[in-house]
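Now for the letters of each chain:
2 protein chains.
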Amino acid sequence: MNIYDISKKAGVSIATVSRVINGSSNVSEKTKAKVLAVIEEVGYTPNAFARGLGLNTMQTVGILCADSSDPYMANAISVLEKELRVYGYNIFLCCTGYDLEAKQQSLQFLVNKQVDALIFIGSNFINEDQKDNEYIKNVAKSIPVMIINGLLSSENIYSILADDYTAVYDATKAFIENGRKRIVYLHNNLTYSIRQKIRGYEKAMNEYSLAAHTVLIEYTQKSIKEVKEQLLNVHELIKDADVIMCANDTIAVGVLKYAKEKGLRIPTDVEILGHNNSYITLCTDPELSSIDNQLEELCKSCVSTLMGVFNGDTVPLRLVFPSVLVQRQTTSLPK
Amino acid sequence: MNIYDISKKAGVSIATVSRVINGSSNVSEKTKAKVLAVIEEVGYTPNAFARGLGLNTMQTVGILCADSSDPYMANAISVLEKELRVYGYNIFLCCTGYDLEAKQQSLQFLVNKQVDALIFIGSNFINEDQKDNEYIKNVAKSIPVMIINGLLSSENIYSILADDYTAVYDATKAFIENGRKRIVYLHNNLTYSIRQKIRGYEKAMNEYSLAAHTVLIEYTQKSIKEVKEQLLNVHELIKDADVIMCANDTIAVGVLKYAKEKGLRIPTDVEILGHNNSYITLCTDPELSSIDNQLEELCKSCVSTLMGVFNGDTVPLRLVFPSVLVQRQTTSLPK
Chain D
154 MNIYDISKKA GVSIATVSRV INGSSNVSEK TKAKVLAVIE EVGYTPNAFA RGLGLNTMQT
214 VGILCADSSD PYMANAISVL EKELRVYGYN IFLCCTGYDL EAKQQSLQFL VNKQVDALIF
274 IGSNFINEDQ KDNEYIKNVA KSIPVMIING LLSSENIYSI LADDYTAVYD ATKAFIENGR
334 KRIVYLHNNL TYSIRQKIRG YEKAMNEYSL AAHTVLIEYT QKSIKEVKEQ LLNVHELIKD
394 ADVIMCANDT IAVGVLKYAK EKGLRIPTDV EILGHNNSYI TLCTDPELSS IDNQLEELCK
454 SCVSTLMGVF NGDTVPLRLV FPSVLVQRQT TSLPK
Chain E
154 MNIYDISKKA GVSIATVSRV INGSSNVSEK TKAKVLAVIE EVGYTPNAFA RGLGLNTMQT
214 VGILCADSSD PYMANAISVL EKELRVYGYN IFLCCTGYDL EAKQQSLQFL VNKQVDALIF
274 IGSNFINEDQ KDNEYIKNVA KSIPVMIING LLSSENIYSI LADDYTAVYD ATKAFIENGR
334 KRIVYLHNNL TYSIRQKIRG YEKAMNEYSL AAHTVLIEYT QKSIKEVKEQ LLNVHELIKD
394 ADVIMCANDT IAVGVLKYAK EKGLRIPTDV EILGHNNSYI TLCTDPELSS IDNQLEELCK
454 SCVSTLMGVF NGDTVPLRLV FPSVLVQRQT TSLPK
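Residue numbers (my numbering), protein chains in the order written: chain D, 154 to 488; chain E, 154 to 488.
Only chain D is shown next, with the shape it has when bound in the complex (with noise of 0.2 Å):
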């Protein structure tokens, strides 16, 4: 019996519940006693998610990150560990790789380290399959499940979110009404994450009836040589283009070198538009322009949300940020 059984029976939700063990104020006399009530006759005793309110607490969140050494998911950790750290938790980090079973193994690790929560970082973890992410509402059930970038409903369950969507609608739109025409769309797998760009993408490129462009380039983790390769395995469908748009920085990277190679330039020719925002985009030549989806307001606000679910406050199950497009030299968009 848990958490998730007692607010069934007392037919109130899992907040409600954590405010009645945690003496919260916020709660009417009536739901209270209900809830008491039944937390009784069931003979609960708070478990791990009442740890994480306060109650004999082992005070550590467990992170989970497909790979620690990406530079996106490397910063998040760092900006989540510093945050959490203000609020006397420490992290258990478990790097899970992008295999599903390879991450179920590490989540049920977590658990059994009875951690007060769970934060994913990254959209990788949500699969397009919804019986694949099964796994992670279960957890839900017993702890509160955070997601960085990643869209899961379900209760216990709250959703850190860029607005990757309109970011990429608002850019594709601002290069078509600049005069661009040929804008391909660069990307290396179907994450939530990026299924969002895409549909941004796509979105604008319909609007004004141009042809829409989404190209697969398949590497390993960070080899801006593989992304290079790929490229040239799909210059039929890239060598006209007057915009690449990429999902992330690597591609960029891999697209401006290829571009200087085949002596275009940028970003007079083509121009060239990253996600991210990482550091990489300052050590090109030229500097890349990108789109910056805040992390680090992302994973404060992430750490903020949790501390309110750990209090009983009532906290919104989803929150959006805008990202911000960070022109830098491999663009030309009007201010």
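It is possible that part of the hints are untrue.
The list treats identical chains as one, so a pair stands whether inside a single copy or across any two.
[Stated by the list, open to error] Quick list of in silico lysine-lysine cross-link-like pairs, DSS-like style, CA-CA up to 27 Å:
#	residue 1	residue 2
1	K453	K378
2	K381	K488
3	K235	K378
4	K284	K294
5	K378	K413
6	K290	K187
7	K183	K162
8	K378	K488
9	K334	K413
10	K187	K161
11	K266	K235
12	K453	K266
Rather than coming from a laboratory, the hints here were simulated on the basis of the structure.
Given chain D, put chain E in place with the hints provided.
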């Protein structure tokens, strides 16, 4: 009373006490009897250290790094986490920042969590002033301490080192023998690792009776813009250089951009060498030559050494790995 006191009282090493606790056959009957007598006398029960030997263990290792968003440290975390998981260990991660007091607090936090061992990433935990290293030596009295690319000589502390000294010495010598004379060395602090690098540089310059010039470039984490501004301040010192060697790749990226802006031909007018061979060396144009200190090997060796310590095996207190110069487009050394 801890394992350290036992070893003192029995007149044997901590490793020997470990072997006795662990039931290793690799101890003489006489020594074993002596240790067991002391253990019985003082009523010692295996503590956190013994847990590290597989007795009632939490199976967790604490990892300390200054900043997990630094690409070098992020890479180390990723490799360590993967390797430790193979042995069933999970990691507690603390990002301590660069302040001594914060480092000490993080360390205490991990010790309170009863981790089985500690791994320090990077030489910025080892201070020149030995009394500022006492906090690490103290904790090594109860649990094994591993230091990646930092040296601290004390029982139960294991250092896994890159041979930065020789790598920089060899590189400097190679530049000189290839006809270069005005070689400067840029660095951003004086950690143990960087002191070794500078020592190697100065030794080679001295051997050829050339003037050594080291320049301190102060910048906040990963700000290439700041590196470039700093270079303007020290322009007089570096304007005539025909080789600029850098203690890390971020400085080298800044130098590369600076040199291009000044209209210098690379590597004809000036050769540029980074250190760490991190991901960003591939993002620049031309691509950066860099000294690879084989971090992945260091991390793997760190974990296997730690498992040896847990098993009560005899393991070296210090392992030194060679570094390798990876030549790309910013240097023109003969093959």
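Structure-based check of each hint:
no. : hint           : verdict
1   : K453 with K378 : between (34 Å within a copy, 25 Å between copies)
2   : K381 with K488 : between (31 Å within a copy, 26 Å between copies)
3   : K235 with K378 : between (34 Å within a copy, 25 Å between copies)
4   : K284 with K294 : within (16 Å within a copy, 49 Å between copies)
5   : K378 with K413 : both (14 Å within a copy, 23 Å between copies)
6   : K290 with K187 : within (26 Å within a copy, 55 Å between copies)
7   : K183 with K162 : within (15 Å within a copy, 65 Å between copies)
8   : K378 with K488 : between (33 Å within a copy, 22 Å between copies)
9   : K334 with K413 : within (21 Å within a copy, 33 Å between copies)
10  : K187 with K161 : within (12 Å within a copy, 61 Å between copies)
11  : K266 with K235 : both (21 Å within a copy, 18 Å between copies)
12  : K453 with K266 : both (24 Å within a copy, 24 Å between copies)
The structure shown violates none of the earlier numbered hints.
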